[in-house]
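Using the sequences plus the hints, can you model the full thing?
Spelled out, the chains give:
There are 2 protein chains.
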Amino acid sequence: MFALILAGGTGTRLWPQSRTAMPKQLLNLGSGKTMMQATVERILPIMPVENIFVATNHNYGSIIKEQIPHMLPQNIVAEPSGKNTAPCIGLAALHMNRLDPDAVMASLHSDHFIADEEGFRQALLTAEKAARDGYLVTLGVQPDKPETGYGYIKRAGTIGDYNGQTVYQVDQFLEKPDLATAQRFLDSDEYYWNSGIFIWQLSTLLNEFAICMPEFYEQLGQLGQALERGEAIEPIWEAIRPESIDVGIMERAKKVAVVPLDVGWNDVGSWAAIYDINKANEDNNVVLGGEHISVNTTGTLIQGKKRLIATVGLEDVIIVDTEDALLVCAKDKVQDVKQVVNWLKDNGREDLL
Amino acid sequence: MFALILAGGTGTRLWPQSRTAMPKQLLNLGSGKTMMQATVERILPIMPVENIFVATNHNYGSIIKEQIPHMLPQNIVAEPSGKNTAPCIGLAALHMNRLDPDAVMASLHSDHFIADEEGFRQALLTAEKAARDGYLVTLGVQPDKPETGYGYIKRAGTIGDYNGQTVYQVDQFLEKPDLATAQRFLDSDEYYWNSGIFIWQLSTLLNEFAICMPEFYEQLGQLGQALERGEAIEPIWEAIRPESIDVGIMERAKKVAVVPLDVGWNDVGSWAAIYDINKANEDNNVVLGGEHISVNTTGTLIQGKKRLIATVGLEDVIIVDTEDALLVCAKDKVQDVKQVVNWLKDNGREDLL
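Just so you know, the sequences run in chain order A and B. Numbering that gives the first Met the number 0 applies: residue 0 is where the first sequence begins, and numbers increase by one. Numbering that gives the first Met the number 0 applies: residue 0 is where the second sequence begins, and numbers increase by one.
Because the hints were derived from the structure by calculation, they are not lab data. Possibly wrong hints are sitting among the right ones.
Claimed, not checked - Computed cross-link-like contacts, DSS-like style, restricted to lysine-lysine with a CA-CA straight-line distance of at most 30 Å:
hint, chain 1, residue 1, chain 2, residue 2
1, A, 278, B, 330
2, A, 337, B, 278
3, A, 304, B, 175
4, B, 304, A, 305
5, B, 330, A, 304
6, A, 330, B, 305
7, A, 330, B, 175
8, A, 305, B, 253
9, B, 175, B, 64
10, B, 344, A, 304
11, B, 330, A, 305
12, B, 305, A, 344
13, A, 337, B, 304
14, A, 304, B, 305
15, B, 337, A, 305
16, B, 337, A, 278
17, B, 253, A, 330
18, B, 278, A, 330
19, A, 337, B, 305
20, A, 337, B, 330
21, B, 305, B, 278
22, A, 304, B, 304
Shown next, in the form of structure tokens:
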């Protein structure tokens, strides 16, 4: 099995810690290692480092080399520009296909948190087995709340037991629901959160590109020739239309399966998630760096730096202190951090993005 | 009339902006001038600058000279060490007495906010007239809420009209009350907040020192002789027992009067007061310095510096951002800022005090 780790995102929901120049996946957000490092270490027990690829943009390549020094330099696949996930997965598939056309690829994200890492590896191995039967496999996260921020997967009947785990046919992929619908999904046992983690045989994937995205499949052929000849891929890449693998392939393909995942998965999509995945102290506060004096403060996240941070009488607040910007945010309003980021974009404040 | 401005306090309730090295009265807290400058400018219409004295400690003398460049250098009275208000007022009285023994002294604080400055000057002129009749006069602030953080003054009958304003005999000074008592005081019209602003003839004051504080009066005589001879006052000063003018004189003296004061007085005793005395913007936030991005934030004070401060979903919060310390505090818990200061003292963190 090969792994592709997608690491090109800018992670604006964790502003001001996450910046364009140093996004979420390259930060240590409490665990002692960066999310990128954690992602690699999580899968190393089931595959050698030579099988691990990273897709990212030119800016992050050198930081990733620093953070994962034993990764093969040629396994860092630089996207000339952001084209969403389908082109990027296709490009990585070309590289892997040259090494072993019979291999299975697991497409992972660099910025997910997993509490039960062994459970996650078992799910990957289960998915690998289903993929060998020709399925496009996704990991579906067992919901534990009526989350409206994720897409959902509805399962159909079983396709069998693999690696001791039941795997289901996918009935359909569903958009982010409203709260009532999300509650109905939660009450049923047939729905999962779409983790965005996919496992497939290279041959199955390339075949699906040919069927579902014929224009891109053609361009992928050109990319492969350019790579063979050692030519620049940029002119071909720039003509590619951006597309997500979800819309481009997964929602259109026929033979799609889901492996249920119940391992404490968190996509770390907000500062509230950072609070959730870290261990709180006796006052129920999470202090990540910096010196904190707490007076009657609870449920609060302190992402400090050099300065002393004193909090008095606070409940459920997010405080993120960086060199040039400070965020103070109600914990139940963390989704609105994007409004700050949008304001900065609209007002040409690239210095703070 | 002479004025003495007491400017020796350290103002820890406005930490982390107010520091030992640069306390509250020497800061610009929103008005564009420092509280010290505002205090001087407030009384300049009714007395020449030569009549204005400042009592402070050695550390603040040079900052005060910078902030009030036209003040006479000899009018900055340096207390060798903090001995509370009575010794400091006595020392200043000696200086004034050499210039004009028939004068009236107004003892003011350097860190009070007054909305109606003309009303304040009129109250001082009223008090001056009552003082010429031999009264120790205090300005009593008309309460507008059941405040438990101030001492109160209970008035007795009138002593007459001065300058067109009724002046009352003081019945008694009262300690900080509990809430029920404060409410009773508010419902009555016989109680005022003790502003700590006093007006008296020098001769009356010195006579009261002789009666109420005979030991200090003796030491005051020694101080006077040392000043005459150009000798150091430190050895005499160090032997003086600390005492407030309230306890030492005002609560013991017989002939005490109160001039009611209704001029938007605020002793700026907390960050909530800073919010109150400044003009809020259209979101009901007060932004003092720094750049602020507000997303659904209201009732909040931002005391910024260089960094951008983004707030999301906050209500009634105090944020004070300084070079080496950050305070985030619920606006109704500002009194607990002293717990932070106490922690810093107890833990030897003079670098942050």
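These are the hints, each one checked on the structure:
1. A:278 <-> B:330: 28 Å, holds
2. A:337 <-> B:278: Between residue 337 of chain A and residue 278 of chain B the Cα gap is close to 29 Å, so the pair holds against 30 Å.
3. A:304 <-> B:175: 41 Å, violated
4. B:304 <-> A:305: 16 Å, holds
5. B:330 <-> A:304: Holds, because 24 Å separates the two Cα atoms, which is no more than 30 Å.
6. A:330 <-> B:305: 25 Å, holds
7. A:330 <-> B:175: 38 Å, violated
8. A:305 <-> B:253: Roughly 57 Å separates the two Cα atoms, so the pair is violated.
9. B:175 <-> B:64: Status violated; Cα separation ~35 Å.
10. B:344 <-> A:304: With a Cα-Cα distance of about 22 Å, the restraint between residue 344 of chain B and residue 304 of chain A holds, given a limit of 30 Å.
11. B:330 <-> A:305: Holds, at roughly 25 Å.
12. B:305 <-> A:344: 20 Å, holds
13. A:337 <-> B:304: 23 Å, holds
14. A:304 <-> B:305: It holds: about 16 Å lies between the C-alpha atoms, which stays within 30 Å.
15. B:337 <-> A:305: 22 Å, holds
16. B:337 <-> A:278: 29 Å, holds
17. B:253 <-> A:330: Violated, at about 58 Å.
18. B:278 <-> A:330: Between residue 278 of chain B and residue 330 of chain A the Cα gap is close to 28 Å, so the pair holds against 30 Å.
19. A:337 <-> B:305: The given pair, whose Cα atoms are some 22 Å apart, holds under the 30 Å limit.
20. A:337 <-> B:330: Within the cut-off at roughly 26 Å; holds.
21. B:305 <-> B:278: The given pair, whose Cα atoms are some 21 Å apart, holds under the 30 Å limit.
22. A:304 <-> B:304: 17 Å, holds
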